[in-house]
Amino acid sequence: MNASYSTLIGARELVDQLDDPDWRIVDCRHDLADPGFGRAAYERGHLPGAHFLHLDDDLSGRMTGTNGRHPLPDPADFAARLGRIGIGNDTQVIAYDDAGGMFAARLWWMMRWLGHRRVAVLDGGLVAWCAAGQALTIKTPSVQPTTYSLSLQPAVVDAAFVLDHLYTDEILLIDARSPDRFRGENEPLDPVGGHIPGAKNRFFRDNLIGGACFKQASVLREEFGALLKGRDAHRVVHQCGSGVTACHNLLAMESAGLSGSRLYAGSWSEWCADPRRPIATGPEE
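Numbering (UniProt numbering), first residue to last: 1 to 285.
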């Protein structure tokens, strides 16, 4: 086992590992308004050796109407999907997209949830790959299926946990949605606008420079430190609209050396589905 990456990897570093049989690249491109976009984009051209996983079909479970727009899949089902594309427990996995890591971070976090450490996001994604002068291919890679063994981590919390800890200092809830959605001024995806009371807003795109690559670790550590105000990262719970972009903040904190925060996977789309749960609008309290 040679190089190992657990947060981010640069395009030029990835080039050097393309022929490593212990590495798997996963294309996570998606468009919330056009669910067919990612697979069509993959078929038009993708990184050499890359497999495709779909946000709705592979990285989410069945919606019930009360569990959010992208509920987590059954861990055993997800592990089986990984095994079918040749990902085992020791495989180095690299996830990428064309949206600054917006969707790739979901796969990164889900694999960490399963206990996988050798997983990273291609910093800058497809943009950085092409900017480095690297080619795309339309060839679908052959694969030798394997078995992935679960080692599930306590990396996720549910709505009951969040409700029990509202109005306390025991957790810091960080909402990754855009400021206008957080304030309840604009809600294009869910039936109710607003945010969970007490949450702080950290728009996931603020983790990026120029909309593509992550800021330096020292900058992210300073910016998240201003939110944490001395709290331990283990007390942080991330959420967003449906448990996708929250993973971007989780990745940013991890890359900054702030390890141990958790995900409220159901996020706002689950929270607002129950009218008995309190909501807030306007700026942070």
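These are computed hints drawn from the structure, not numbers from a lab.
Hints may be right or wrong, so weigh each one.
As a list, the in silico BS3-like pairs of lysine-lysine whose alpha-carbon atoms are at most 27 Å apart [said to hold, decoys possible]:
(1) LYS200 with LYS229
(2) LYS200 with LYS215
(3) LYS229 with LYS215
Have a look at the derived ranges for each label pair, beta carbon to beta carbon [said to hold, decoys possible]:
(4) ALA280 with ARG44: 24 to 30 Å
(5) VAL192 with GLU284: 31 to 37 Å
(6) TYR167 with LEU189: 43 to 49 Å
(7) SER149 with ARG235: 26 to 32 Å
Bear in mind the structure is a predicted one, so any value in this text is a computation, not a measurement.
Heads up, the beta-carbon is just placed ideally off N, CA and C, and yes, glycines get one too.
*For which of the previously enumerated hints does the structure constitute a violation, in increasing order of number?*
4, 5 and 6
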